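In order, the protein sequences belong to chains A and B. If you read the first sequence in the numbering used here, its first letter stands for residue 1, the second for the next number, and so on. If you read the second sequence in the numbering used here, its first letter stands for residue 1, the second for the next number, and so on.
Be aware that one or more of the hints could be misleading.
[Stated by the list, open to error] With a cut-off of at most 20 Å between alpha-carbon atoms, the simulated DMTMM-like pairs for lysine to aspartate or glutamate come out as follows:
| no. | chain 1 | residue 1 | chain 2 | residue 2 |
| --- | --- | --- | --- | --- |
| 1 | B | Lys-239 | A | Glu-270 |
| 2 | A | Lys-414 | B | Asp-217 |
| 3 | A | Lys-387 | B | Glu-274 |
| 4 | A | Lys-371 | A | Asp-170 |
| 5 | A | Lys-416 | B | Glu-192 |
| 6 | B | Lys-204 | A | Glu-417 |
| 7 | A | Lys-199 | B | Asp-74 |
| 8 | B | Lys-6 | A | Glu-417 |
| 9 | A | Lys-269 | B | Glu-241 |
| 10 | A | Lys-414 | B | Asp-265 |
| 11 | B | Lys-325 | B | Glu-201 |
| 12 | A | Lys-414 | B | Glu-225 |
| 13 | B | Lys-204 | B | Glu-192 |
| 14 | A | Lys-405 | A | Asp-376 |
| 15 | A | Lys-154 | A | Glu-139 |
| 16 | A | Lys-155 | A | Glu-139 |
| 17 | A | Lys-33 | B | Asp-74 |
| 18 | B | Lys-248 | A | Glu-270 |
| 19 | A | Lys-21 | B | Glu-66 |
| 20 | A | Lys-260 | A | Glu-112 |
| 21 | B | Lys-165 | A | Glu-399 |
| 22 | B | Lys-6 | A | Glu-379 |
| 23 | B | Lys-6 | A | Glu-372 |
| 24 | A | Lys-416 | B | Asp-265 |
| 25 | B | Lys-165 | A | Glu-400 |
| 26 | A | Lys-95 | A | Glu-124 |
| 27 | A | Lys-27 | B | Asp-74 |
| 28 | B | Lys-139 | B | Glu-122 |
| 29 | A | Lys-155 | B | Glu-172 |
| 30 | B | Lys-6 | A | Asp-376 |
| 31 | A | Lys-405 | B | Glu-274 |
| 32 | A | Lys-387 | B | Glu-276 |
| 33 | A | Lys-154 | B | Glu-172 |
| 34 | B | Lys-254 | A | Glu-270 |
If you are wondering where the hints come from, they were derived from the structure by calculation, not from laboratory data. All values reported here derive from a predicted model rather than from experimental measurement.
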Amino acid sequence: MSDRDFSVLGQSVIRKDALSKVLGEAKFAADYKFEGMLYGGVFRSTVPHALIKHFDASKALALPGVACVLTAKDIPGKNRTGIIIKDEPCLVDDKVRRVGDAIAIVAADTPEQVNEALDLMEVEYELLEPIFTVERALEEDSPKIHGATNVHAKKHLECGDVDAAFAKCDVIVEHTYNTSMLTHMFIEPDAGIARYEDKIMTVYCSTQNPHYDRADVAGVLGLPNNQVRIVQVTTGGGFGGKLDISVQCHIALLSHFTGKPVKMVRSRKESTNVSAKRHPMTMKAKTGATKDGKIQAVEVYMTGDTGAYASYGPAVITRAVVHCMGPYEVPNVRVDAVFTYTNNPMAGAFRGFGVPQVAYCHEGQMNAIAKELNMDPIELRLLNAHKIGTTIATGQVLEESVGFKETLIQAAAKAKEVM
Amino acid sequence: MKKRGKGVGSMWYGIGNTGLPNPAAAFIEVLSDTSVNLMVGCADIGQGSTTVMAQIAAEELGLSYENIHVISADTMVTPEGGASSASRQTFISGNATKLAARQAKATLTEVAAGFLNVPGEELIFRNGEIFSSNDNSKKMTYRELMAEMKKHGRLAVGAGAYNPKTTYLHPETMAGIPYEVYSYATTIAEVEVDTETGEIEVLKVVSAHDVGLSVNDTMVEGQIEGGVVMGEGFAVFEKIECSNGVIKNPIFSKYLIPTAMDVPDIYSVVVECEGECGPYGAKGVGEPALIPSIPAIAAAVEDAIGVRFCCLPITPTDVLRELGKLKTQ
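All chains should be built: construct the whole structure from the sequences, respecting the hints.
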């Protein structure tokens, strides 16, 4: 594709991983086996918000083949993980914040014994009022999921004089857009195997984030970072869903306590239930243009539900706010955004970090403006498109590699040819 | 009745983390037989980063792609790579790889310049040969160069690290430089809506992506095709049903994603754009591949039946409700 003079770049060379995958030789985490290996499992909460009054694993421990059952009090290091804010317990200590929170972990000789042990564990809850909507989360009298407020993050972006600009617009469109909670459905459910190798805790796992995993595993075990080794093995996709800790800390803990290798492979159901989801978002947008088609002002108010834990919520809200006016020159912008904690499933990273949600909004607005002005939607975009020298809403001047107009021109030309 | 419609969607996407440092590093060694070990923290999760890093190292060193062996994402062996997210690895780990290769090449250049008796700046490394740009007769093979390196006790090693040029954003106004560079894209979709059943069929999708430089056309097209299909799921299929905090549809039989039967004709258009900041100008396409197909498909459905929807996904039930054809609410 490139007309520049390269010898290797631009060539569709055969992927390094192609042969092993085509031959079925690639080893995924679930394919790993070590001598004397145990299997691990997680006992999870079935309620969204509760204190744990009593937990009893005595029947599980009495089962043949069960090596150990661990709870929060067994954790030698810090019982908090999280990519940006460390707000997620490795094993619940203070309270349950969602359905699927990990309360205890078990290691046994076979997967069947693990399941049997999980069935025999007993827990008694004191239920707390659960919160399932952003609206309820923001009410003053709502119970607080973490600390003193349910506001997970709040952002404000402002440039120019938005109110004065709207007053001069010939056309203004206002719409509200909603997107749903989504799951990644990566093809390979989360899996890993941990063992001590020459006094180093080594975790072979399916992950997008090995160096982050290292720090959280080391933190939970109370080890220096260089005594933990994360080896990312062949990974069957992630789309953002394998950026958070999945099995890593749990198998490392079980291996630490038993001295044996421990493997954990999530079922599809467990994987979907506890991995991060795409933030459902509501975006209320107001866009104004003059009759020549120039966008003069954009105002957006958005809310999002990050669920029980922050995960990548801070990254999603920030990116969504920066991108929500679209790739257009808009001199006057005001954006307010609020994300809250709720007792819904945790929302985090998912291909695009909030930009797919806001693109539905800014493109819906552009198409609505085009309709109002009776303009071709491609022409309207070309008229307002980012180019070299554009100043974006954060004040950054775009100095190189701005190929937006070319995508509009080439997409329109190809569509004319094939549609 | 079946009604057709078309829609446009565009997007921009900042490469890397927003207004934060997010570096990645690489180590490299050219061995005496001209094979190369490249150690990168970057996790290949199927997107093909290992292949991309090998191509970048091969280009910079002037060796073939097959010479490069990549060891990736092993924290005891590879340096920090950061997350495989934010469409950042081609740009950031790619730059780190290029810098590592360049450092090894500096030593190689010194030794080759001495052997060929030409200034180092004149030397070109390409396809396993080193030659002077001014005098084609002054050349040597890579094997000869590695023998020369051995004679002088020199090792061709390099380490590279890259952190994109961003600034922290102002806490009150968000002013600042959130990303060093942006990818852009435009998608045009054509759909057919059955007004009796509400079924939406995505027929054709054109998706044009400014990737800066395409390191590997087949893989870029693969990203675009996968992204379009995931965008179709976002626009007209997928939704987690959650009740009292419990996910009701955690399995494939209940959470519908597009299957091979749903995949439209996809026309990928790769747009290149000059720039200095990425490795040879490359940016990122992992997430951009998904994004513009969502608004384009939604707009095409609206164009087909003249109804504006405010929620995604748009399901057959939603279509029938808006057309007043739903018998029971």
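Now the hints, each set against the structure:
1. Lys-239/B with Glu-270/A: The given pair, whose Cα atoms are some 17 Å apart, holds under the 20 Å limit.
2. Lys-414/A with Asp-217/B: holds, 18 Å
3. Lys-387/A with Glu-274/B: holds, 13 Å
4. Lys-371/A with Asp-170/A: Holds: Lys-371/A and Asp-170/A sit about 13 Å apart, inside 20 Å.
5. Lys-416/A with Glu-192/B: Within the cut-off at roughly 17 Å; holds.
6. Lys-204/B with Glu-417/A: Holds: Lys-204/B and Glu-417/A sit about 12 Å apart, inside 20 Å.
7. Lys-199/A with Asp-74/B: holds, 17 Å
8. Lys-6/B with Glu-417/A: holds, 14 Å
9. Lys-269/A with Glu-241/B: Roughly 14 Å separates the two Cα atoms, so the pair holds.
10. Lys-414/A with Asp-265/B: The given pair, whose Cα atoms are some 13 Å apart, holds under the 20 Å limit.
11. Lys-325/B with Glu-201/B: Distance ~19 Å between Lys-325/B and Glu-201/B Cα, so the pair holds.
12. Lys-414/A with Glu-225/B: Holds: Lys-414/A and Glu-225/B sit about 16 Å apart, inside 20 Å.
13. Lys-204/B with Glu-192/B: Given pair Lys-204/B, Glu-192/B holds - Cα atoms ~10 Å apart, limit 20 Å.
14. Lys-405/A with Asp-376/A: holds, 15 Å
15. Lys-154/A with Glu-139/A: Satisfied, since the Cα-Cα distance of roughly 15 Å is no more than 20 Å.
16. Lys-155/A with Glu-139/A: holds, 19 Å
17. Lys-33/A with Asp-74/B: holds, 19 Å
18. Lys-248/B with Glu-270/A: Holds - the C-alpha atoms of Glu-270/A and Lys-248/B are around 12 Å apart, at most 20 Å.
19. Lys-21/A with Glu-66/B: OK: Lys-21/A and Glu-66/B at ~18 Å, within 20 Å.
20. Lys-260/A with Glu-112/A: Given pair Lys-260/A, Glu-112/A holds - Cα atoms ~18 Å apart, limit 20 Å.
21. Lys-165/B with Glu-399/A: holds, 13 Å
22. Lys-6/B with Glu-379/A: It holds: about 15 Å lies between the C-alpha atoms, which stays within 20 Å.
23. Lys-6/B with Glu-372/A: The given pair, whose Cα atoms are some 17 Å apart, holds under the 20 Å limit.
24. Lys-416/A with Asp-265/B: Within the cut-off at roughly 15 Å; holds.
25. Lys-165/B with Glu-400/A: Holds: Lys-165/B and Glu-400/A sit about 13 Å apart, inside 20 Å.
26. Lys-95/A with Glu-124/A: Holds: Lys-95/A and Glu-124/A sit about 12 Å apart, inside 20 Å.
27. Lys-27/A with Asp-74/B: Holds, because 15 Å separates the two Cα atoms, which is no more than 20 Å.
28. Lys-139/B with Glu-122/B: The given pair, whose Cα atoms are some 11 Å apart, holds under the 20 Å limit.
29. Lys-155/A with Glu-172/B: holds, 8 Å
30. Lys-6/B with Asp-376/A: Given pair Lys-6/B, Asp-376/A holds - Cα atoms ~12 Å apart, limit 20 Å.
31. Lys-405/A with Glu-274/B: Satisfied, since the Cα-Cα distance of roughly 14 Å is no more than 20 Å.
32. Lys-387/A with Glu-276/B: holds, 16 Å
33. Lys-154/A with Glu-172/B: holds, 10 Å
34. Lys-254/B with Glu-270/A: holds, 15 Å
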